[in-house]
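S.K.: Using the sequences and the hints, build the whole thing.
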Amino acid sequence: MSEPQEARRRSDHEERGVYLHIARQLQGRIRASYKSGDRLPSERALALEFKVHRNTIRRAIEALNKAGMISTAWGARSVVTKKRLNHRITFNTSFTASALAAGVTPRTELISATDLPSRTSLQICRRVLQRDATGEITTVRYVEDEPVCWIRHLLFGLDAQGLMEDFNGTSVHEWMREKLGVSPQRIETTVGADRASSIDCKMLRVPRGACILYSHSVNHDPRTQKLMELSITRFRSEAAELRMTL
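Under my numbering, the first residue of the sequence shown is numbered 1, with each subsequent residue one higher.
No false leads were slipped in.
Mimicking DSS-like on lysine-lysine, the simulated pairs with C-alpha atoms at most 25 Å apart in a straight line are:
#1 K202 - K35
#2 K66 - K51
#3 K179 - K226
#4 K35 - K66
Hints are computed from structural coordinates only; laboratory data are not their basis.
M.R.: Here it is in structure tokens:
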């Protein structure tokens with residue numbers, strides 16, 4: 001190997017050591033103090049902080065991107081992400097099952113339970129089922145203290161307020177199984193994408209206009225085949241992916 005080649009090899013090796021060291025430092029910061037959706041400092045700011053060329057910072061950021069810790073877009077600062085939850089949609093799967101399969105334990109925050117569904121909920125219900133719901137439960141599902149989705153459970157023939165009394169933070173469907181002896185079973189699901197509304201921003205801690213995935217699932221009582229629920233679920237797109245099993 002010629003002297004120029006050897007010098008170039010040493011330089012590449014040294015740069016690799018530097019950018020990997022920076023990547024590890026940034027990884028530690030992200031785990032310690034960043035939430036999903038937070039933005040990293042700009043390449044210029046990081047280059048000044050670490051006293052290296054921006055190309056070295058760029059390689060460190062690429063390493064974090066490949067590891068799935070951040071997402072990058074041309075001309076914008078990198079955004080912290082979490083590993084996406086792979087949520088299967090079949091007749092008998094659930095968010096809880098998807099989270100446990102990924103090795104994490106979800107929790108549910110009950111926002112409200114009312115026998116007077118909101119106007120927006122009634123509009124969706126009439127569009128999907130051509131009928132009105134008799135109750136509405138609103139929840140947010142968390143994984144590792146980060147909101148992944150929020151859900152409107154539109155109920156038919158059930159007392160929403162009475163049902164959710166003393167709710168203990170499990171999933172609503174598990175709670176229904178415990179209280180009623182039956183859990184709704186999915187018979188039809190529509191999935192799509194949307195832009196975050198003001199209520200999405202509040203529930204999911206995302207900026208206005210962020211990409212949202214949604215599913216509308218019609219669920220019945222598997223014993224009687226009577227309609228029990230229309231669940232309207234809205235996911236942070238960087239936190240979950242929806243997988244259909246045929």
